[in-house]
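For reference, the chains in residue letters:
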Amino acid sequence: MNEPLLSAIILAPLAGALILGVFGKRMGERVISLIACLSVGISAALSFYVFFRHLHALEEGAKIHDYLFTWISVGAFRADFALLLDSLSGIYILFVTFVAFWIHVFATGYMKGEAGYWRFFAYLNLFMFAMLTLVLADNFLLMFVGWEGVGLCSYLLIGYYFTKDFANDAAKKAFIVNRIGDFGFALGVLLLFLKSGSIFYFDDPTRGIHGAFEWAASQAADPATLSVIFAGGITTIAVLMFVGATGKSAQIPLFVWLPDAMAGPTPVSALIHAATMVTAGVYMVSRASSIYVKAPTAMAIVAIIGGATALFAATIAIAQWDIKKVLAYSTVSQLGYMFLACGVGAFTAGIFHVFTHAFFKALLFLGSGSVIIGMHHEQDMSRMGGLRKYMPWTFRTMAVGWLAIAGVPLLSGFFSKDEILYRTFTSSVLDPTLGKLLWFVGAATALLTAIYMTRLMVLTFWGNERFDTHGSHKHDSHGHDDHHAPKESPTSMVLPLVVLAAGAIFAGYLGVPEGLSGGRIQNFFEHLLKPAIAEPVAHTEEAAHAAEGHGTELALTAFSTVIAFLGIWVGWRWFRRTPLWKPPRLLEEKYFVDEAYDAAIINPVKTASTGVLWKIIDVKLIDGAVNGAARLASLFGTGLRYAQSGLARSYVAIVVMGAVLVIGYFMLG
Amino acid sequence: MDNYLLTIITLLPVAGAVALVAVGRGEKPNANAMRWTALLTSLATFAVSLLLPLKFNSSAGLQFEQNLPWIDAFDLGVRYHVGVDGLSLWLVVLTTFLVPIALISSWNSINFRLREYLISMLALETGMIGVFVAMDMFLFYLFWEVMLVPMYFLIGVWGGERRIYAAVKFVIYTVVGSLLMLAAIIALYYLHGQATNNFTFDIATITESLKSHAFTLPLNEQRWLFWGFAIAFLIKVPLFPFHTWLPDAHVEAPTAGSVLLAGVLLKMGTYGLMRFNLPMFPDASRKYATFICALAVIGIIYGALVAMVQPDLKKLVAYSSVSHLGFVVLGIFSFTDQGLQGALYQMLNHGISTGALFMIVGFIYDRRHTRLISEFGGLANVMPVFSALFLVVTLSSIALPLLNGFVGEFLVLVGAFTSTTLPNAKLFTSLAATGMILSAVYMLWMYQRVVMGEVKNDKNRELTDIDFRERLALAPMIILIFVMGIYPALFLSRSDRAIADIRARVVPSAKVVAMTENFDNSK
Numbered sequence: 001m002n003e004p005l006l007s008a009i010i011l012a013p014l015a016g017a018l019i020l021g022v023f024g025k026r027m028g029e030r031v032i033s034l035i036a037c038l039s040v041g042i043s044a045a046l047s048f049y050v051f052f053r054h055l056h057a058l059e060e061g062a063k064i065h066d067y068l069f070t071w072i073s074v075g076a077f078r079a080d081f082a083l084l085l086d087s088l089s090g091i092y093i094l095f096v097t098f099v100a101f102w103i104h105v106f107a108t109g110y111m112k113g114e115a116g117y118w119r120f121f122a123y124l125n126l127f128m129f130a131m132l133t134l135v136l137a138d139n140f141l142l143m144f145v146g147w148e149g150v151g152l153c154s155y156l157l158i159g160y161y162f163t164k165d166f167a168n169d170a171a172k173k174a175f176i177v178n179r180i181g182d183f184g185f186a187l188g189v190l191l192l193f194l195k196s197g198s199i200f201y202f203d204d205p206t207r208g209i210h211g212a213f214e215w216a217a218s219q220a221a222d223p224a225t226l227s228v229i230f231a232g233g234i235t236t237i238a239v240l241m242f243v244g245a246t247g248k249s250a251q252i253p254l255f256v257w258l259p260d261a262m263a264g265p266t267p268v269s270a271l272i273h274a275a276t277m278v279t280a281g282v283y284m285v286s287r288a289s290s291i292y293v294k295a296p297t298a299m300a301i302v303a304i305i306g307g308a309t310a311l312f313a314a315t316i317a318i319a320q321w322d323i324k325k326v327l328a329y330s331t332v333s334q335l336g337y338m339f340l341a342c343g344v345g346a347f348t349a350g351i352f353h354v355f356t357h358a359f360f361k362a363l364l365f366l367g368s369g370s371v372i373i374g375m376h377h378e379q380d381m382s383r384m385g386g387l388r389k390y391m392p393w394t395f396r397t398m399a400v401g402w403l404a405i406a407g408v409p410l411l412s413g414f415f416s417k418d419e420i421l422y423r424t425f426t427s428s429v430l431d432p433t434l435g436k437l438l439w440f441v442g443a444a445t446a447l448l449t450a451i452y453m454t455r456l457m458v459l460t461f462w463g464n465e466r467f468d469t470h471g472s473h474k475h476d477s478h479g480h481d482d483h484h485a486p487k488e489s490p491t492s493m494v495l496p497l498v499v500l501a502a503g504a505i506f507a508g509y510l511g512v513p514e515g516l517s518g519g520r521i522q523n524f525f526e527h528l529l530k531p532a533i534a535e536p537v538a539h540t541e542e543a544a545h546a547a548e549g550h551g552t553e554l555a556l557t558a559f560s561t562v563i564a565f566l567g568i569w570v571g572w573r574w575f576r577r578t579p580l581w582k583p584p585r586l587l588e589e590k591y592f593v594d595e596a597y598d599a600a601i602i603n604p605v606k607t608a609s610t611g612v613l614w615k616i617i618d619v620k621l622i623d624g625a626v627n628g629a630a631r632l633a634s635l636f637g638t639g640l641r642y643a644q645s646g647l648a649r650s651y652v653a654i655v656v657m658g659a660v661l662v663i664g665y666f667m668l669g
Numbered sequence: 001m002d003n004y005l006l007t008i009i010t011l012l013p014v015a016g017a018v019a020l021v022a023v024g025r026g027e028k029p030n031a032n033a034m035r036w037t038a039l040l041t042s043l044a045t046f047a048v049s050l051l052l053p054l055k056f057n058s059s060a061g062l063q064f065e066q067n068l069p070w071i072d073a074f075d076l077g078v079r080y081h082v083g084v085d086g087l088s089l090w091l092v093v094l095t096t097f098l099v100p101i102a103l104i105s106s107w108n109s110i111n112f113r114l115r116e117y118l119i120s121m122l123a124l125e126t127g128m129i130g131v132f133v134a135m136d137m138f139l140f141y142l143f144w145e146v147m148l149v150p151m152y153f154l155i156g157v158w159g160g161e162r163r164i165y166a167a168v169k170f171v172i173y174t175v176v177g178s179l180l181m182l183a184a185i186i187a188l189y190y191l192h193g194q195a196t197n198n199f200t201f202d203i204a205t206i207t208e209s210l211k212s213h214a215f216t217l218p219l220n221e222q223r224w225l226f227w228g229f230a231i232a233f234l235i236k237v238p239l240f241p242f243h244t245w246l247p248d249a250h251v252e253a254p255t256a257g258s259v260l261l262a263g264v265l266l267k268m269g270t271y272g273l274m275r276f277n278l279p280m281f282p283d284a285s286r287k288y289a290t291f292i293c294a295l296a297v298i299g300i301i302y303g304a305l306v307a308m309v310q311p312d313l314k315k316l317v318a319y320s321s322v323s324h325l326g327f328v329v330l331g332i333f334s335f336t337d338q339g340l341q342g343a344l345y346q347m348l349n350h351g352i353s354t355g356a357l358f359m360i361v362g363f364i365y366d367r368r369h370t371r372l373i374s375e376f377g378g379l380a381n382v383m384p385v386f387s388a389l390f391l392v393v394t395l396s397s398i399a400l401p402l403l404n405g406f407v408g409e410f411l412v413l414v415g416a417f418t419s420t421t422l423p424n425a426k427l428f429t430s431l432a433a434t435g436m437i438l439s440a441v442y443m444l445w446m447y448q449r450v451v452m453g454e455v456k457n458d459k460n461r462e463l464t465d466i467d468f469r470e471r472l473a474l475a476p477m478i479i480l481i482f483v484m485g486i487y488p489a490l491f492l493s494r495s496d497r498a499i500a501d502i503r504a505r506v507v508p509s510a511k512v513v514a515m516t517e518n519f520d521n522s523k
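Same order as they appear, the protein sequences are chains S and C.
For the first sequence, this note's numbering gives the first residue as 1, with consecutive numbering after it.
For the second sequence, this note's numbering gives the first residue as 1, with consecutive numbering after it.
Don't read these hints as lab results, they were simulated from the structure.
One or more hints might be untrue.
To be verified - Computed beta-carbon distance windows for the label pairs:
id: 1; chain 1: C; residue 1: L43; chain 2: S; residue 2: L632; range: 43 to 51 Å
id: 2; chain 1: C; residue 1: R162; chain 2: S; residue 2: T607; range: 34 to 42 Å
id: 3; chain 1: C; residue 1: P311; chain 2: S; residue 2: F440; range: 47 to 55 Å
id: 4; chain 1: S; residue 1: S382; chain 2: C; residue 2: S109; range: 38 to 46 Å
id: 5; chain 1: S; residue 1: I601; chain 2: C; residue 2: N424; range: 23 to 31 Å
id: 6; chain 1: C; residue 1: N220; chain 2: S; residue 2: G232; range: 43 to 51 Å
id: 7; chain 1: S; residue 1: P205; chain 2: C; residue 2: N424; range: 30 to 38 Å
id: 8; chain 1: C; residue 1: V149; chain 2: S; residue 2: V31; range: 25 to 33 Å
id: 9; chain 1: S; residue 1: R207; chain 2: C; residue 2: L179; range: 49 to 57 Å
id: 10; chain 1: S; residue 1: L632; chain 2: C; residue 2: R25; range: 25 to 33 Å
id: 11; chain 1: C; residue 1: N424; chain 2: S; residue 2: A600; range: 43 to 51 Å
Stated by the list, open to error - If we take Cβ atoms under 10 Å as the criterion, some of the chain S residues that face chain C in the derived model are:
id: 12; residue: K63
id: 13; residue: Y67
id: 14; residue: I176
id: 15; residue: I305
id: 16; residue: A308
id: 17; residue: H377
id: 18; residue: Q379
id: 19; residue: E595
The beta carbon of each residue, even a glycine, is placed where N, CA and C say it ideally should be.
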């Protein structure tokens with residue numbers, strides 16, 4: 001099936017970016033915000049239209065294409081500029097364009113008066129083009145285009161305040177760390193091509209294309225051993241691709257760029273570093289589920305890395321003072337949750353958490369942005385407190401996000417998180433002990449999540465006002481020096497908060513776990529995604545049947561409800577009493593991971609490159625040899641000076657003699 | 001007309017150079033008249049050369065041929081034979097494209113002996129085009145050596161402080177290689193003549209005799225001939241460890257010299273490998289491929305690491321060339337369609353991206369007379385347009401998808417990874433792919449230190465953004481960076497056949513990795 005409107009979905013934001021990039025400098029803020037929001041609005045409207053128009057077909061597993069042109073074609077290698085809509089990419093474009101639209105609206109208010117307003121929205125629109133290309137691509141190379149494209153926009157937007165060194169450092173770090181991941185992704189794609197002969201996802205007979213996923217489906221599953229990682233088979237492909245995912249989705253060991261990325265304006269953090277781009281890794285792993293289900297070792301790696309990252313980042317989040325840093329580590333932690341889901345074979349649950357997380361985390365970030373603006377660019381929670389009465393709407397909407405992420409029943413985060421924990425506990429893919437262990441890690445993370453989010457809320461909105469309304473006049477770019485009391489944000493910012501809060505409440509109802517309703521409500525989300533996601537292979541025969549029956553599910557749900565309330569209660573008691581509790585240094589300093597990387601990798605490479613490669617090998621060794629040879633030759637030449645008559649004829653004679661010698665060698669030889 | 005096209009393209013610049021002897025003479029030499037003469041000549045050359053891709057027949061081999069007897073004395077059989085095929089087509093156009101841009105970009109930079117400078121530039125252009133169109137080894141060698149002379153002067157007369165050292169180093173390195181090549185040419189001429197009783201320097205004829213087995217070279221002879229040519233070419237590339245002439249030559253050369261040196265001269269080595277070594281000495285090529293690929297991969301990583309720590313902008317770009325050209329060599333010796341196509345594409349990409357980088361360095365050198373990275377910082381505040389274009393070129397150099405560099409680099413990686421002749425192909429490719437990470441490190445770090453941040457050095461506070469002339473010089477490069485990245489078929493389709501021919505010579509029954517091998521088609 002064909003749908004030419006698919007390309008319009010990606011081209012609308014591209015057009016916006018081009019217009020703003022070329023003419024934006026001469027436009028007023030009003031026109032700029034109109035173009036920026038309109039281009040994403042069109043994209044969103046088209047996404048909804050296309051999705052619902054083909055909804056029935058998508059449920060049946062239809063693949064809807066939009067072929068634009070053949071991008072690269074050499075020998076057997078081919079990559080098209082072609083788009084694919086199936087239920088997975090369909091769900092993605094819906095929430096990406098929806099959330100993005102409201103974040104754009106928010107940003108028009110948030111960025112008011114900033115120098116380079118046009119530049120900001122040009123980058124933001126360009127990001128939308130790249131993100132939608134990533135999602136809608138019908139082959140891995142085009143996905144890679146979007147993948148690196150979102151990385152570029154992330155780089156540009158983190159470094160938006162380009163006169164600030166910390167922003168530039170953060171931008172560069174984000175790009176380079178992501179490139180390390182991309183290195184793995186690229187090798188994964190190469191290996192997939194070598195093995196399957198194709199980098200396309202699915203067969204498309206009309207274009208004469210064979211799909212890599214059909215190839216994967218025809219392969220036998222790799223054994224669950226460690227040695228298959230390096231065997232160059234399907235497990236190696238899966239592991240290499242996951243390296244790419246750890247970069248983009250900020251997992252251990254490549255998570256270090258995301259917290260620093262908060263140097264970008266807050267709408268960027270909400271859109272790129274919470275709701276959309278960072279979930280690209282989860283998208284990629286789910287997209288390639290046909291490959292992962294054949295690689296149990298890779299699945300286990302995904303689950304372990306995901307679980308470990310979830311817990312690790314949550315322990316850091318509890319010790320941060322910068323409101324955005326708390327949310328950043330929270331995002332890393334929640335992304336870990338999503339990978340945990342993928343690793344245990346519950347790809348659908350992972351995508352479901354991506355979906356709900358997009359709403360409540362974008363909401364929390366925008367809320368923090370509203371707080372930061374209201375506090376005149378203050379991000380340190382130790383200097384906030386009692387903001388409830390100053391910013392009622394920001395407070396109310398953020399409270400929804402807080403309860404949703406904490407996992408309070410009937411809000412969106414509850415459904416998706418509960419689903420993941422349940423699937424982990426009953427996973428038939430992993431070794432059962434490992435499954436139980438990861439479930440424990442997940443539950444502990446959930447508890448910590450409730451605690452640190454309560455801390456964030458308490459420190460910001462309750463308690464004493466720890467800020468100074470009259471004191472020293474700190475200069476900020478907004479110039480509200482006359483009155484320093486915090487104030488509620490304008491409608492352009494509050495309205496998106498309200499919309500996203502509604503999403504954070506209701507998004508979960510698309511995927512109510514069937515166990516909870518006793519099978520009465522269909523899990524629409526799971527039903528829709530079924531055709532796009534491969535069925536995981538059970539670890540053992542008994543394991544495949546162990547998970548049946550709703551009893552376990554209900555018990556686990558009750559347990560996670562207890563955890564959510566326990567976490568909130570603990571956080572409330574703890575931080576209402578001692579809001580300025582001093583966290584352990586190890587956590588506050590993020591386990592010194594950055595320092596360790598500097599000492600173990602970055603500094604040695606720099607020193608060796610300068611001290612050994614350049615100054616010794618290049619200058620001393622190679623050039624020394626060349627200059628030495630030249631000196632030797634000139635010494636030799638002094639002796640031979642008499643042979644140099646200066647007559648052209650004698651030179652010719654020498655050349656001819658030399659040539660004769662060479663020819664003679666071949667005649668004899 | 002078609003028969004004379006290449007001769008016209010080759011000789012037009014020299015005609016301009018001759019005219020320049022007379023133009024603008026008088027009481028006060030008219031500098032602008034001289035500049036315009038040179039520019040118009042090179043523009044005319046470019047315009048004529050555009051006929052080549054327009055009229056090119058993608059399914060045919062050698063085209064636009066002109067083949068005349070030249071030196072018949074002693075039955076030497078030297079002919080004036082020119083022609084282009086899919087291999088040389090875009091390299092000729094790249095040359096004619098870069099010369100006017102180089103002239104525009106350094107319009108006001110040269111004031112000393114301007115006439116001689118412009119004559120050297122045009123003479124260099126003829127030499128460069130000649131190398132790519134020559135289909136007779138004698139003619140090829142002639143152009144190869146002729147080209148050295150103007151380049152020597154460009155570095156030695158209009159260069160920086162250590163220009164004499166750099167110029168001599170450049171010439172000696174090159175001459176050492178080309179003498180070996182001369183010996184190999186003569187030997188090949190002799191062996192071929194003896195075997196077929198047709199004493200000729202003609203490249204196409206010799207390749208054809210080898211293909212039809214009328215003339216066979218045992219491995220032992222191939223080995224000598226292979227290295228005779230290869231050393232000359234690998235020095236020119238330059239492949240690690242023959243690269244140390246390059247940083248010196250680049251740093252000392254004037255901007256236009258650097259643009260052409262990086263843009264065109266560095267391509268002659270890899271062109272030669274594809275024109276001579278692979279099709280003529282396939283057995284030796286296969287035998288030494290692993291060794292050369294190892295050097296290429298070392299060069300990729302080594303060049304990038306050394307580039308990272310350079311304090312001088314031009315040196316940084318020079319070492320980055322060592323890294324990028326490593327990719328080209330790796331692609332060539334993977335003996336796959338993708339690797340060879342990628343290598344050829346990467347040659348064009350590198351010509352554009354690195355040419356543009358040298359222009360950019362030239363623009364700020366003209367303003368500040370320094371190339372030290374530490375002297376700059378915060379240029380985005382005072383030169384926003386410059387900074388934006390600089391970013392595009394930077395991203396092209398680090399192979400961002402949808403920009404030109406990505407297509408070439410990825411094809412090389414595909415080719416190397418799937419190579420059936422290269423042992424440890426996956427290991428080689430994985431190591432080469434670290435170049436992806438390292439290029440981002442050194443380029444973005446450099447960009448940050450030059451462009452981002454506050455203006456800390458007061459001398460940079462009053463800098464003016466690039467003017468109309470400078471934008472005019474950079475604009476075509478930027479456009480091509482996008483066009484070549486988004487729609488490479490425009491270029492690749494014309495070189496498909498030539499590449500397939502070369503590949504078929506080295507790996508006759510190419511075990512092409514295709515669906516047929518691993519994929520059950522009946523399903």
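Each hint tested on the structure:
| no. | hint | in the structure |
| --- | --- | --- |
| 1 | C:L43 <-> S:L632: 43 to 51 Å | 47 Å, holds |
| 2 | C:R162 <-> S:T607: 34 to 42 Å | 27 Å, violated |
| 3 | C:P311 <-> S:F440: 47 to 55 Å | 53 Å, holds |
| 4 | S:S382 <-> C:S109: 38 to 46 Å | 56 Å, violated |
| 5 | S:I601 <-> C:N424: 23 to 31 Å | 25 Å, holds |
| 6 | C:N220 <-> S:G232: 43 to 51 Å | 36 Å, violated |
| 7 | S:P205 <-> C:N424: 30 to 38 Å | 37 Å, holds |
| 8 | C:V149 <-> S:V31: 25 to 33 Å | 58 Å, violated |
| 9 | S:R207 <-> C:L179: 49 to 57 Å | 53 Å, holds |
| 10 | S:L632 <-> C:R25: 25 to 33 Å | 47 Å, violated |
| 11 | C:N424 <-> S:A600: 43 to 51 Å | 28 Å, violated |
| 12 | K63 | 17 Å, violated |
| 13 | Y67 | 14 Å, violated |
| 14 | I176 | 5 Å, holds |
| 15 | I305 | 20 Å, violated |
| 16 | A308 | 24 Å, violated |
| 17 | H377 | 19 Å, violated |
| 18 | Q379 | 22 Å, violated |
| 19 | E595 | 19 Å, violated |
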